[in-house]
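Trainee: Going line by line, the protein sequences match chains A and B. Using the working numbering, the letters of the first sequence correspond one by one to residues 5 to 347. Using the working numbering, the letters of the second sequence correspond one by one to residues 5 to 347.
No lab work stands behind these hints, which were simulated from the structure alone. Please note: incorrect hints may appear among the correct ones.
No copy labels: a pair is met if it fits in one copy or bridges any two.
Cut-off 27 Å, straight-line C-alpha distance, at most; resulting in silico cross-link-like pairs (DSS-like, lysine-lysine) [as the list claims (entries may be wrong)]:
1) K140 / K20
2) K247 / K20
3) K109 / K207
4) K135 / K119
5) K20 / K135
6) K140 / K10
7) K20 / K119
8) K109 / K119
2 protein chains.
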Amino acid sequence: MRIELKDGAGGEAMEKIIREIISAYDFSDYGEVPLSALDDSAVVEGVAFTTDSYTVRPIFFPGGDIGRLAISGTVNDLCAIGAKPMAISTAMIVEEGFSLEDLKKIVGSMASTAKEANVAIVTGDFKVVEKGSVDKIFITASGIGKRHPLLDENLKKANCHARWLMDSNLRKGDKIIITGYVGDHGIAVMTARGEYGVESNIKSDVAPLHRVLERSLEIGGVVALKDPTRGGVAEALNEWSLKSKVGIELYEKEIPVREEVASICELLGIDPLTLGNEGKFLIAVRENYAEDVLECIRELPESKDARIIGEVTEEHNYVVLRTEVGGRRIVERPIGDPVPRIC
Amino acid sequence: MRIELKDGAGGEAMEKIIREIISAYDFSDYGEVPLSALDDSAVVEGVAFTTDSYTVRPIFFPGGDIGRLAISGTVNDLCAIGAKPMAISTAMIVEEGFSLEDLKKIVGSMASTAKEANVAIVTGDFKVVEKGSVDKIFITASGIGKRHPLLDENLKKANCHARWLMDSNLRKGDKIIITGYVGDHGIAVMTARGEYGVESNIKSDVAPLHRVLERSLEIGGVVALKDPTRGGVAEALNEWSLKSKVGIELYEKEIPVREEVASICELLGIDPLTLGNEGKFLIAVRENYAEDVLECIRELPESKDARIIGEVTEEHNYVVLRTEVGGRRIVERPIGDPVPRIC
Numbered sequence: 005m006r007i008e009l010k011d012g013a014g015g016e017a018m019e020k021i022i023r024e025i026i027s028a029y030d031f032s033d034y035g036e037v038p039l040s041a042l043d044d045s046a047v048v049e050g051v052a053f054t055t056d057s058y059t060v061r062p063i064f065f066p067g068g069d070i071g072r073l074a075i076s077g078t079v080n081d082l083c084a085i086g087a088k089p090m091a092i093s094t095a096m097i098v099e100e101g102f103s104l105e106d107l108k109k110i111v112g113s114m115a116s117t118a119k120e121a122n123v124a125i126v127t128g129d130f131k132v133v134e135k136g137s138v139d140k141i142f143i144t145a146s147g148i149g150k151r152h153p154l155l156d157e158n159l160k161k162a163n164c165h166a167r168w169l170m171d172s173n174l175r176k177g178d179k180i181i182i183t184g185y186v187g188d189h190g191i192a193v194m195t196a197r198g199e200y201g202v203e204s205n206i207k208s209d210v211a212p213l214h215r216v217l218e219r220s221l222e223i224g225g226v227v228a229l230k231d232p233t234r235g236g237v238a239e240a241l242n243e244w245s246l247k248s249k250v251g252i253e254l255y256e257k258e259i260p261v262r263e264e265v266a267s268i269c270e271l272l273g274i275d276p277l278t279l280g281n282e283g284k285f286l287i288a289v290r291e292n293y294a295e296d297v298l299e300c301i302r303e304l305p306e307s308k309d310a311r312i313i314g315e316v317t318e319e320h321n322y323v324v325l326r327t328e329v330g331g332r333r334i335v336e337r338p339i340g341d342p343v344p345r346i347c
Numbered sequence: 005m006r007i008e009l010k011d012g013a014g015g016e017a018m019e020k021i022i023r024e025i026i027s028a029y030d031f032s033d034y035g036e037v038p039l040s041a042l043d044d045s046a047v048v049e050g051v052a053f054t055t056d057s058y059t060v061r062p063i064f065f066p067g068g069d070i071g072r073l074a075i076s077g078t079v080n081d082l083c084a085i086g087a088k089p090m091a092i093s094t095a096m097i098v099e100e101g102f103s104l105e106d107l108k109k110i111v112g113s114m115a116s117t118a119k120e121a122n123v124a125i126v127t128g129d130f131k132v133v134e135k136g137s138v139d140k141i142f143i144t145a146s147g148i149g150k151r152h153p154l155l156d157e158n159l160k161k162a163n164c165h166a167r168w169l170m171d172s173n174l175r176k177g178d179k180i181i182i183t184g185y186v187g188d189h190g191i192a193v194m195t196a197r198g199e200y201g202v203e204s205n206i207k208s209d210v211a212p213l214h215r216v217l218e219r220s221l222e223i224g225g226v227v228a229l230k231d232p233t234r235g236g237v238a239e240a241l242n243e244w245s246l247k248s249k250v251g252i253e254l255y256e257k258e259i260p261v262r263e264e265v266a267s268i269c270e271l272l273g274i275d276p277l278t279l280g281n282e283g284k285f286l287i288a289v290r291e292n293y294a295e296d297v298l299e300c301i302r303e304l305p306e307s308k309d310a311r312i313i314g315e316v317t318e319e320h321n322y323v324v325l326r327t328e329v330g331g332r333r334i335v336e337r338p339i340g341d342p343v344p345r346i347c
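Chain A on its own, in the form it takes in the complex (with noise of 0.2 Å):
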């Protein structure tokens, strides 16, 4: 059997292989978030450990590049599990012959990015490949984390026995809160490839997002946070729904999704839902702190669009679109991904 791109597109496919590849492993219940919660990150002893492997195509896109991607999607991946990111480590393996203008670009690119999430890179490798080898350059970058000093008082607030934040907190009741507009990172990349010969002005939302964690543990009463990347909004809530066994009804009419990108899916036929995102996240909170910690974050110019999109049901054991027309449409995983190597 042959590996296909769909394997590592993040939908069904990827859980699939990735399944089998810790069915290898032992110690695969280790940790106070082990391995086999596969949550965004790790917590180990009190650290929270994560790792992502950054192949995107092109490496520089509208809003963004892949150094500013590699180290906002490390903060985020952090923050998701509810810790405050300590420290990050990048390798890159560059192709022969690439410029070292760009190099530079993309280190520079990684240094702003990790001095706006205020966190230092303090480690890292440098690999060089003959030409032909790598697509131009790889960034795998890790980050690790500890327990963020408020999110203690707000799972107390949330009632909430699990340590961190975890995709298995959410229960009935519990609102859902996306960050702002769906789709933009995975139309943005799409469209400077050119290679489905259609054009856009849309920017990706590329960015670290812990000051949107900062504030919404300020209200408290979060359970879940999550960064729907590769699969996107729908894989992200699948996610939650499987592991928290919860059904997830949305209203469509909520759902913020530019129209320019909403024309382009329609063109392509590709569900925005399912578009990567690198600058969003979804919050689970219960139901009395929802809009506190809506008006909280939308204070800041990263969530200023949040909204509540949905709300965790007990109806269902699965994610549930109800549509404006009314409706109700079952919001499948992604099993392969729409547009490949937008991370």
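Chain A is already provided as a structure; the job is to place chain B on it using the hints.
Mentor: Just chain B now, kept in the frame of chain A:
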């Protein structure tokens, strides 16, 4: 300007690029062992943190494979600073069409090596890119570790005021131990490629060396530890010499090199001291503890051929080889790598 292969070879050319990259980063002095120290691991708030990308070619070679290499390298980099590994992450980038069977072999190898080193793989990533965008499979492994429980007592015995086993800890009189034969990994990988028309029975030494650290610390007096991978013993000792501002004298006749490795090196004009090793430590230890450390680690199979190969002097601030015939030659930092992509 374009990036060349030698820029990622672990020698002087690479350090130049790395220094340039780091100059862009803020906070480069952040942490107990900061980025600017360019040590094997960084240390932040008591947590040791390291990362490396593995791009070895071929991915299966005599004595090991890319999976065993990734886990061993990560364990060894943590040990090199004096940390006990807590957890590892593995991020894989795989080429579309890669064999699922080979992937399982590699994953199995990572799993068994992690078990051998008694460390859990707790998180990871899995990406698939289009055919031709990566040469089969690249793995980036990161690791976190905590202060080894025997480290304080060990450093006290050494009368060393540093908090960790750092490259800058050496002083006059310290003995240099190598834990076994030099250059096996480099030759094993090189001959496996069949590029030079040379064959050999040499196997890679790739292995996790956590027990060597443990045993050494039990005796005490150890001030620095280093795994001489890219750039080999020549690069590692030069880094010690530069960072500790001392000279190092090597006794040529004490350096263990297998006959077959020596002849291939002679044939190809390669200095065995510049060949990469993946299962060896260089240990710098205070003179009065050196023999005891040696005796103790020789009880372990992975370091049974350990030898004292040199000492720290103040006579010069470079690495000098005292040859068997009584001459002296300077051991320079390799600029590039005699065998690219050995790890």
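Trainee: Take the hints in turn and mark each one as holding or not.
Mentor: Results for each hint:
In this homomeric assembly, K140 and K20 come within 27 Å of each other (Cα to Cα) only across copies, at 20 Å, whereas the closest approach inside a single copy is 29 Å. In the homo-oligomer, the alpha carbons of K247 and K20 lie at most 27 Å apart inside one protomer (15 Å), although the nearest pairing across protomers, at 48 Å, exceeds that limit. Taking CA atoms no more than 27 Å apart as the test, K109 paired with K207 passes inside one copy only; the shortest distance there is 19 Å, against 41 Å between copies. Taking the closest pair of Cα atoms, K135 and K119 never come within 27 Å of each other, the shortest separation being 33 Å inside a single copy and 36 Å across copies.
With identical chains, the CA atoms of K20 and K135 are at most 27 Å apart between copies only, with a shortest distance of 21 Å across copies and 33 Å within one. When the C-alpha separation of K140 and K10 is checked against a cutoff of 27 Å, the pair qualifies both within a copy, at 22 Å, and between copies, at 16 Å. For the identical chains of this complex, K20 and K119 are inter-copy neighbours only, at 23 Å across copies versus 37 Å inside a copy, given an alpha-carbon limit of 27 Å. For a Cα distance limit of 27 Å, the shortest separation of K109 from K119 inside one copy, 15 Å, qualifies, whereas the shortest one across copies, 40 Å, does not.
Taken one by one, the earlier hints fail for this structure only at number 4.
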